[in-house]
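Modelling step: build the complete structure from the supplied sequences, incorporating the hints.
Chains A and B supply the protein sequences, listed in that same order. Counting in the working numbering, the first sequence runs from 52 upward without gaps. Counting in the working numbering, the second sequence runs from 356 upward without gaps.
It is worth saying that the hints were derived from the structure and are not from the lab. Don't be surprised by glycine CBs; every beta carbon is placed ideally from N, CA and C. Misleading hints may appear alongside valid ones.
[Claimed, not checked] DSSO-like, lysine-lysine: derived pairs with alpha carbons at most 27 angstroms apart:
1) A:372 <-> A:65
2) B:629 <-> A:212
3) B:523 <-> B:603
4) B:603 <-> A:212
5) B:629 <-> B:523
6) B:629 <-> B:603
[What the hints assert, rightly or not] Okay, the calculated bits of chain B under chain A, using three or more residues with CB under 8 angstroms as the criterion:
7) 568 to 574
8) 620 to 628
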Amino acid sequence: MSRPSLWSRIAGRKELGVFLALVVMCVFLSFSTSSFLSSINLLNVGRQVSLLGIMAVGMTFVLISGEIDLSVGSTYALSGLGSGMLIVMGWGLVPALMAGLMLGASIGLINGLLSTYGRLPSLIATLGMLSIVRGVALLMTDGQPVTVNTRNGALPQVLEKFEFMGQGYLFGLVPMQLVFFAAVALLGWLVLSGTAFGFRVFAVGGSAKAARVSGIHAESVKIWTFVIMGLLAALAGILSMAFLPSGQAGRTGLGLELDVIAAVVVGGASLSGGVGTVLGTVLGVLIIGVLRNGLVLQGVSPFTQEVMIGLVIIIAVAIDKWSTRSRTT
Amino acid sequence: MFRTITALAGVSFMAFAPMSVIAEPVNVADFALAPRIAEKVASGEPLNIMVSYHDVSNEFAPFVRQGVERADAELNANARFIGPVGADADGQISEIETLMAEIDGLAISAVSTDALSPLIDRVIDAGIPVISYNTDNPDSKRLVFAGQDLVQSGRDAGEQMVNVLDGKGRVMITTIDAAAQWSLDREGGAREVLEASEGIEVVRTLNTGTDPQEIYSAIENAMLADPEITGILSLECCSTPAAGEWVKRNGQSGTIKVVGFDLLDQTVDLVIAKAVQVTIDQAPSRQGFEAVSLLVQFLNGETIDDLDTGVGIFTSENIDSAM
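Structure (structure tokens):
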């Protein structure tokens, strides 16, 4: 049997439709604005989508496993603010970061337990957690903004390293947030496509019953996807805090869960589980980032921007579905 | 018609020109006070004053609450700070409806002036005095307003921008919610002054969204799209530090001027670093205190009137007084 040609392998990729949509947007913006293709702008776009991208990789695991997590925006806020507060209290960098990450992982664990052993639909369990976690963040900060600076108590050497995580550049060129995103996406791709755990995530999302019959412990797989999600939401929240370096429980990450889910779905993942790729998610994240960037570069009115973002999400998903159908018929 | 609150030490507080809709001075003798409240006043019992704020989770809220708590401690009142988490008109209405039977006086900063006006009128009709503070409801039956005139504070910000640019430059206006009434009012005032200045061009209004990352990214994109911008005028607390931070990180402190609002920690740091030239304080704590105070005065028979809580203009020269 002959090996399929390169072209037929590319044409058979699930991500082709969303990739084409991204290319069309980039070509259009390259001609319609003078600054879109500049290296500064492209690096800006890379940095601006990084935190969304880190969370979207986590959401890819959750959606493929047939679940959903609406609490990620709140987890992002609580973990980032938590680490920031600890640094302001004089904690060292590593303990403060570990505490923030553990907080995120714990929220993921609770989501996972509620959605499996608690027998609650994940939509409901994580909707409840969205509110609980946001409320805890407000209580913890008393609604006050948290600003990480030496005036508020951060140790200078800790602050310097913390800010480097969010504001620094690797080799003086690549924003650190983008480095984190690339590392998370690579790791996510490896786990999902090259490990037994990744296989189980697809199996559980495709059919939990069939997976159980095959000896897969569906509950523990799902719980792990929520823990990964919580951990990555916390990482993004901490990086956000390191970048700004300020946050407020009432605003930080508010509504972010919808952007994250939109990016993953635009990237080809199915809300009913069993389908999705990290590459598709990265492309979905880029579509949302390029769109936001392009609309501002073009000076589109803020109200029109809202309409455009909604339209592009629908069109990108439609192109993906049509191209998938044409490849399978 | 307007009284002006005294200034903080070292801070210039400006009184407003009268607002477009001004309440007449009012006295409880001309008000159909609910009998249960009249009895309570006569017996000298502490009054239940509710201060409803349109979003208790925003940055401004803790400062308003501090003022309410101070009033609770200093005045003969059980003053309580209430309101929805997130700007939720339905939530604000439901909460007030639920508490109505125990409210002796209501101060309200409404999520939406249109949505809350009928409720304010119902509360007034039930014999409970209502004043507006922070954000006015001029079309309702509210008795008086205590706070800052939003259009005028926009004009003040515009004037500060014209000053720091020496009357010449390209200005971008930023806001976290371009469609909100407070933003439209402030933008209107700012544009009025900026567009009247011959050398100033307002290039755009940037809607940044509310998430801090989103705000910074939007400003970053807009500055790249138009490198000729020489001034950023932020209409609120939250895009002010983002604008200052962008200016500072890009080595443009002093070249690109920033005028904004409020005294968040980060904004204070940026004023000290001269990355933000002017920030305008709205005296939120004072607004909370005066809201309670006006209601207590009214219920105790004093005539009350609109109250201008003024604006504090802070630059690197006087920012120490805000710390």
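Checking against the hints above, which ones are violated?
none
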